[in-house]
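Q: Sequence:
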Amino acid sequence: MSLNLPEKIEHYIGGRHVPSADGATFGVADPVANKEYTRAAAGGPADIDRAVAAARDAFEAGPWPGLAARARAKILNAIADGIEARSSEIAAAETFDTGLPITQAKGQAARAAENFRYFADVIVAQHEDAFSTPAQMGYVLRKPAGVAGLITPWNTPFMLESWKLAPALASGCTLVLKPAEWTPLSASMLPAIMEEAGVPAGVFNIVHGIGEDAGAALVAHPDVPLISFTGETTTGKIIMRSASDHLKGLSMELGGKSPCVIFADADLDAAIDSAVFGVFSLNGERCTAGSRVLVEASIYDEVVSRIASRASKVKVGDPSDPETQLGALVHPEHYERVLSYVETGQREGARLAAGGSRPSSLTEGNYLAATVFADVKPEMRIFQEEIFGPVVGITPFASEDEAVALANNTAYGLAAYIWTSDLKRAHRVAGAVESGMTWVNSHNVRDLRTPFGGVKASGLGREGGQHSIDFYTESRIVHVALGDTHVPRFGA
Numbered sequence: 009m010s011l012n013l014p015e016k017i018e019h020y021i022g023g024r025h026v027p028s029a030d031g032a033t034f035g036v037a038d039p040v041a042n043k044e045y046t047r048a049a050a051g052g053p054a055d056i057d058r059a060v061a062a063a064r065d066a067f068e069a070g071p072w073p074g075l076a077a078r079a080r081a082k083i084l085n086a087i088a089d090g091i092e093a094r095s096s097e098i099a100a101a102e103t104f105d106t107g108l109p110i111t112q113a114k115g116q117a118a119r120a121a122e123n124f125r126y127f128a129d130v131i132v133a134q135h136e137d138a139f140s141t142p143a144q145m146g147y148v149l150r151k152p153a154g155v156a157g158l159i160t161p162w163n164t165p166f167m168l169e170s171w172k173l174a175p176a177l178a179s180g181c182t183l184v185l186k187p188a189e190w191t192p193l194s195a196s197m198l199p200a201i202m203e204e205a206g207v208p209a210g211v212f213n214i215v216h217g218i219g220e221d222a223g224a225a226l227v228a229h230p231d232v233p234l235i236s237f238t239g240e241t242t243t244g245k246i247i248m249r250s251a252s253d254h255l256k257g258l259s260m261e262l263g264g265k266s267p268c269v270i271f272a273d274a275d276l277d278a279a280i281d282s283a284v285f286g287v288f289s290l291n292g293e294r295c296t297a298g299s300r301v302l303v304e305a306s307i308y309d310e311v312v313s314r315i316a317s318r319a320s321k322v323k324v325g326d327p328s329d330p331e332t333q334l335g336a337l338v339h340p341e342h343y344e345r346v347l348s349y350v351e352t353g354q355r356e357g358a359r360l361a362a363g364g365s366r367p368s369s370l371t372e373g374n375y376l377a378a379t380v381f382a383d384v385k386p387e388m389r390i391f392q393e394e395i396f397g398p399v400v401g402i403t404p405f406a407s408e409d410e411a412v413a414l415a416n417n418t419a420y421g422l423a424a425y426i427w428t429s430d431l432k433r434a435h436r437v438a439g440a441v442e443s444g445m446t447w448v449n450s451h452n453v454r455d456l457r458t459p460f461g462g463v464k465a466s467g468l469g470r471e472g473g474q475h476s477i478d479f480y481t482e483s484r485i486v487h488v489a490l491g492d493t494h495v496p497r498f499g500a
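Numbered by the working numbering, the letters in the sequence shown go through residues 9 to 500 in order.
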């Protein structure tokens with residue numbers, strides 16, 4: 009479909025589109041032509057102050073936190089309706105702005121709508137605990153925590169914004185969203201969706217801008233008790249240090265270097281399908297990518313050959329083409345970073361089995377062929393560090409113990425994938441691998457009710473299902489005496 013690109017993208021504060029307080033803007037380019045297509049408002053501390061003030065006023069004086077669950081759920085479902093009505097436009101914007109293949113962008117738009125419907129259901133079915141003894145009744149009150157600060161990444165921006173927006177709104181919080189500066193286009197569609205759905209002014213606010221300016225100001229703001237952040241681990245550490253000044257609640261989904269462990273008794277066809285899709289879908293720009301494939305020695309050569317062959321046939325091209333499987337990487341800066349890892353892998357002695365360069369048919373744009381390294385050793389940087397692109401490393405192992413040791417031999421622990429027909433082994437390895445999420449004989453299909461998050465350098469806290477509601481709310485216990493209260497009479 010044709011896409012109407014905005015001449016400018018402004019902040020959305022207190023129900024109005026507004027420029028930055030100082031008038032600052034920054035350019036936004038697409039990843040295919042790398043040409044600036046719009047100017048976005050460059051937020052700073054003054055803009056964050058305005059947005060937080062609007063959100064705080066909406067929280068303290070507005071109806072949103074006190075609405076009945078059914079009333080909030082009705083609005084969340086209306087937001088989902090608005091997303092679905094614009095799903096083609098959202099997907100086209102996401103593809104244009106991020107370089108994601110259009111078929112995958114359509115799936116992300118559908119998932120975004122489902123996030124809102126799911127949390128609408130959650131809050132209607134929400135119930136709290138009560139505790140009773142002959143002497144006392146205790147019951148839990150759940151209250152929204154206040155103004156939530158949401159900082160989202162550029163890889164699947166609209167879906168990941170919905171991932172945080174839906175539970176925050178469902179819980180009764182008001183919020184300030186700081187989208188990724190490289191990909192602000194789809195977020196600019198949210199204000200109209202929110203207004204049509206009936207979200208009161210000030211409940212939902214957006215401040216665009218550079219992370220070091222707008223993001224840092226949001227994290228440091230004393231009137232924002234919660235920060236939910238998805239992004240790289242280094243930034244997460246900076247956020248933790250800043251948030252500690254005000255003892256903020258933090259939920260942080262950070263980097264990953266996830267293992268895909270393939271044992272000799274696995275269904276190899278299914279395992280290879282999963283390994284190839286798991287690292288090359290979403291352009292490899294996904295935190296849960298199975299970027300380290302660990303293969304039992306007896307089938308190692310076969311698996312390397314088959315993955316390399318499949319990678320060489322992955323269709324790289326125009327993200328808007330429905331036949332494209334691997335599009336353009338999001339930004340020249342990121343593209344150069346990924347290419348530097350390809351060079352590093354070769355310099356360190358890994359064997360380049362497929363890809364490694366721009367396809368010859370694509371002379372411009374941030375394109376990289378699906379890239380496979382074999383004989384990757386644990387001490388290599390491409391084994392240890394998150395590349396966040398269409399690059400996979402394959403490493404052999406001789407035993408179950410070595411497979412687990414290799415899987416755990418990184419700073420990260422977000423996801424893991426295990427392929428075996430031995431049920432006992434599957435349970436043993438799933439329990440031994442250090443990851444927040446593990447899939448056995450399955451690829452990355454997640455039930456929205458389940459916790460999402462990682463261990464080690466991959467994050468802090470959990471989101472998803474009830475875990476998200478717990479983050480955006482405070483549970484308070486009320487104890488009520490049921491009879492005479494007997495208190496030791498000190499000093500009587």
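Careful, some of the hints might be misleading.
[Said to hold, decoys possible] DSBU-like cross-link-like pairs, simulated, lysine-lysine; straight-line CA separation at most 30 Å:
#, residue 1, residue 2
1, K82, K43
2, K114, K16
3, K151, K16
4, K321, K256
5, K323, K385
6, K151, K82
7, K464, K385
8, K432, K464
9, K114, K321
10, K151, K256
Think of the hints as simulated: they come from the structure by calculation, not from any bench.
Q: Determine for every hint whether it applies to the structure shown.
A: For each hint, the structure was consulted:
This hinted pair does not check out: K82 and K43 have alpha carbons roughly 41 Å apart, beyond 30 Å. Between K114 and K16 the CA atoms are separated by roughly 25 Å; this keeps the pair inside 30 Å, and the hint holds. Distance restraint check for K151 and K16: the Cα-Cα separation of roughly 38 Å exceeds the 30 Å cut-off, and the hinted pair is therefore not satisfied. A hinted pair counts as satisfied when its Cα atoms are at most 30 Å apart, and K321 with K256 does not qualify at roughly 48 Å.
Between K323 and K385, the direct Cα distance comes to roughly 28 Å. Compliance with the 30 Å bound is thereby established for this hinted pair. Annotation: proposed proximity of K151 to K82 holds, straight-line Cα distance about 19 Å (limit 30 Å). Annotation: proposed proximity of K464 to K385 holds, straight-line Cα distance about 21 Å (limit 30 Å). Proposed proximity of K432 and K464 is supported: the alpha carbons are some 26 Å apart, at most 30 Å.
Distance hint between K114 and K321 is fulfilled; the C-alpha atoms sit about 23 Å from each other, no more than 30 Å. Taken as a hint, the K151 and K256 pair is honoured in the structure, with Cα atoms around 16 Å apart against an allowance of 30 Å.
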